[in-house]
Amino acid sequence: MDLREFLKKLEEVGELKVIDQEVDWNLEASAITAMTMRLDGPAVLFNRIKGYSQGRLSAEFFQGARNNFWRRFSIGLDMDPEIKWEEFSRELYERLKNPIKPVLVSTGPCKENILIGKDVNLFAFPWPYIHDGDGGRYGTILNCITKDLGSAWVNWGNYRMQIQTKNKVGFQLGPFSDAGTMYYQGYEPRGQNMPFCVSLGGEPAVTMMGVFDAPKGVSEVELAGAAQQKPVEMVRAETNDLLVPANAEIVLEGEIRPYERMDEGPFGEMIGYMHGPRSPRPVGRINCITYRTNPIIPFNVEGTEGGDNRGLTQIFTSGIDFGLKQKGIPVDYYWQRTGDFGFPTVTFRFNYPGFSWVVASGVISYSLFQWLHTTAFFDPADYSPDDLDGFIESIFLKAHPTNWHVTDSDHLKMSVSVFQSPEEKKRGLSAKTWIDATWPATWRPEEIPKKVAFENCYPAEIQEWTVREWKRLGFKERPLIKKGGGK
Amino acid sequence: MSRYELDEAYVRKFRSEIEKGSTLAIQIRDGQDYSWKNVKAILSKTPLESWEPLRVTNTVSGQRPTGEVIYMKIVEELPDDELLPSIQGILNWW
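Protein chains in written order, with our numbering: chain A, 1 to 487; chain B, 1 to 94.
One or more hints might be untrue.
To be verified - Lysine-lysine pairs mimicking DSS-like chemistry, simulated, CA-CA at most 27 Å apart: (1) A:Lys166 x B:Lys20; (2) A:Lys451 x A:Lys482; (3) A:Lys230 x A:Lys327; (4) A:Lys426 x B:Lys73; (5) A:Lys97 x A:Lys84; (6) A:Lys426 x A:Lys325; (7) B:Lys37 x A:Lys118; (8) A:Lys97 x A:Lys325; (9) A:Lys482 x A:Lys450; (10) A:Lys482 x A:Lys471; (11) A:Lys84 x A:Lys118; (12) A:Lys230 x A:Lys8; (13) A:Lys426 x B:Lys13; (14) A:Lys50 x A:Lys166; (15) A:Lys101 x B:Lys73; (16) B:Lys40 x B:Lys20; (17) A:Lys482 x A:Lys84; (18) B:Lys13 x A:Lys118; (19) A:Lys216 x A:Lys118; (20) A:Lys50 x B:Lys20; (21) B:Lys37 x B:Lys13; (22) A:Lys398 x A:Lys101; (23) A:Lys8 x A:Lys216; (24) B:Lys13 x A:Lys50.
What the hints contain is simulated information worked out from the structure, not anything from laboratory work. All values reported here derive from a predicted model rather than from experimental measurement.
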């Protein structure tokens, strides 16, 4: 199932709005998208873009409704669209445990058109200008494909990409992101160019795994195969040795030269604020563009009304869950939605004095946690990702003040948080915090306080009597029994 | 309406050069397609005939206009391969 087939499926189930009216790439497409997200509306396919005879835009095709943000993922992975989040999450993890190697094919749709050398012109495609105030037009849903210099590891990563000139892009490569590690610690100090390809579109699993932060050394292409339970078809790039998804809509081939920087940004980031200032970042020089006829450029309106945060960030940060489980740390990871952003939370049943430090160390040292700065731990019986009130209550009532831990200030932090001082942004550092809201492992079960709640303070017969008599007593509202409300 | 934009970093850092009419290597943004161009140009705070008006912007929290307009005469369009120093480098900020 490539992107086009995926969009058709979304349209069939009412999850996609196709717009044939001409729309401007300059803010109009993103404004419509921001509004549909605010309303929990459908994904959008813009078929006619002002000033362009070819090229389309599609936005937020993974961004489901607030209470069902995984629905489009499940459609893209051929799962039951009505699947519950817990089942989806478990099924995805089970699939990812068995990576499937890609297959090399001789050609594919992404080779329908080829521009090489002087013919390369990024402005021949309708890249969107997403937020008023952005430093330029951006690619936001993409796979940047790079190979480690010292091993066979090929990484897929999604790094915001500014279209700078007709043949240059700017990447926000975090210093310890996977491609960043390959570049800053591998190619650059050795004075070598880092070849890369950027693919946009293709199978939904391909896009998802570009966002997913797999542990270092793990190739996302094999996880994409695992996620869709079928090998990803790959073709060789025209100007370097990398392999790219055969069904991609557009592929950019290029290189990042050592110690070459160009100002990039500002950009309205997924954290929900405009992230600036314009700052020097690695430059991708594009040598070749291959693309399907009338290609679709996927994008998302980061930071607004969910944007990335509702679905893709869940998938992005699910790498923590995968990584911790692979290390044998028996925990479950969740992305607790809190308004327009979210809060990384971890639950664990297994516990002993000091275990939360093991978990904290695993979470905070995970490379993608450079995007985040705080996490909280709960007993699984106390936590539901759908219960924001319970989440806040548990933190404030159960976490002993001495269990609000703050690290020193020298932890890696992408310079995207609004609380970071200019000095911290320059250095890319910040303190991290973790809150342990689990019951202490040394407490005996009878020492754990009983929650005062309807489900817990009244015998079953009184509860049943109350519910039974409720209507007869003249109440109009239906009585509400909370599952696990007595915890 | 100005077609091009210029970061205020240049205006702040090169105040005396602008007053003297010196040629500066600057990066400007084309407001039509949002591409960035490198040019050698002379800048003037007062309008001169046939000089291109530039909208001055600040990039700390977005590409925001400062309300200031400056005028530019392009002396030379620099090759696309030539990269100019970072704005933050110019300001010694980064």
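Tested hints:
1. At roughly 33 Å between alpha-carbon atoms, A:Lys166 and B:Lys20 are farther apart than 27 Å, so this suggested pair is violated.
2. Distance restraint check for A:Lys451 and A:Lys482: the Cα-Cα separation of roughly 13 Å lies within the 27 Å cut-off, and the hinted pair is therefore satisfied.
3. In summary, the hint linking A:Lys230 to A:Lys327 is supported, as the alpha carbons are separated by about 26 Å, within the 27 Å threshold.
4. Note on A:Lys426 and B:Lys73: the hinted pairing is violated, with a Cα-Cα distance of about 34 Å set against a maximum of 27 Å.
5. For the proposed pair A:Lys97 and A:Lys84, the alpha carbon gap of about 20 Å is at most 27 Å, so the pair holds.
6. Among the hinted pairs, A:Lys426 with A:Lys325 is inconsistent with the structure: their alpha-carbon atoms are about 34 Å apart, more than 27 Å.
7. A distance of roughly 17 Å separates the Cα atoms of B:Lys37 and A:Lys118; the hinted pair therefore holds under the 27 Å criterion.
8. Proximity of A:Lys97 to A:Lys325 is assessed by CA-CA distance (about 10 Å); at most 27 Å being required, the pair is judged to hold.
9. Proximity of A:Lys482 to A:Lys450 is assessed by CA-CA distance (about 16 Å); at most 27 Å being required, the pair is judged to hold.
10. Pair hint A:Lys482 plus A:Lys471 holds up; C-alpha atoms about 18 Å apart against a cutoff of 27 Å.
11. Between A:Lys84 and A:Lys118, the direct Cα distance comes to roughly 50 Å. Violation of the 27 Å bound is thereby established for this hinted pair.
12. Pair hint A:Lys230 plus A:Lys8 holds up; C-alpha atoms about 20 Å apart against a cutoff of 27 Å.
13. Taking the CA atoms of A:Lys426 and B:Lys13, the gap is about 20 Å. The hint holds against a cut of 27 Å.
14. For the suggested pair A:Lys50 and A:Lys166, the alpha carbons sit about 19 Å apart, so the restraint of at most 27 Å is met.
15. With a C-alpha separation of about 57 Å, the suggested pair A:Lys101 and B:Lys73 falls outside the 27 Å cut-off, and the hint is violated.
16. As the CA atoms of B:Lys40 and B:Lys20 are separated by approximately 15 Å, the hinted pair is consistent with the 27 Å bound.
17. With a CA separation close to 18 Å, the supplied pair A:Lys482 and A:Lys84 stays within the 27 Å bound.
18. Pair hint B:Lys13 plus A:Lys118 does not hold up; C-alpha atoms about 35 Å apart against a cutoff of 27 Å.
19. Proposed proximity of A:Lys216 and A:Lys118 is contradicted: the alpha carbons are some 36 Å apart, above 27 Å.
20. Proximity of A:Lys50 to B:Lys20 is assessed by CA-CA distance (about 43 Å); at most 27 Å being required, the pair is judged violated.
21. Under the criterion of a C-alpha separation no larger than 27 Å, the hint pairing B:Lys37 with B:Lys13 is consistent with the structure, at around 19 Å.
22. Restraint check for A:Lys398 and A:Lys101: not satisfied, since their Cα atoms lie roughly 45 Å apart, outside the 27 Å limit.
23. Of the pairs offered as hints, the one joining A:Lys8 and A:Lys216 is violated, with about 35 Å between alpha carbons and a cut-off of 27 Å exceeded.
24. The straight-line distance between the Cα atoms of B:Lys13 and A:Lys50 is roughly 38 Å, outside the 27 Å bound, and the hint therefore fails.
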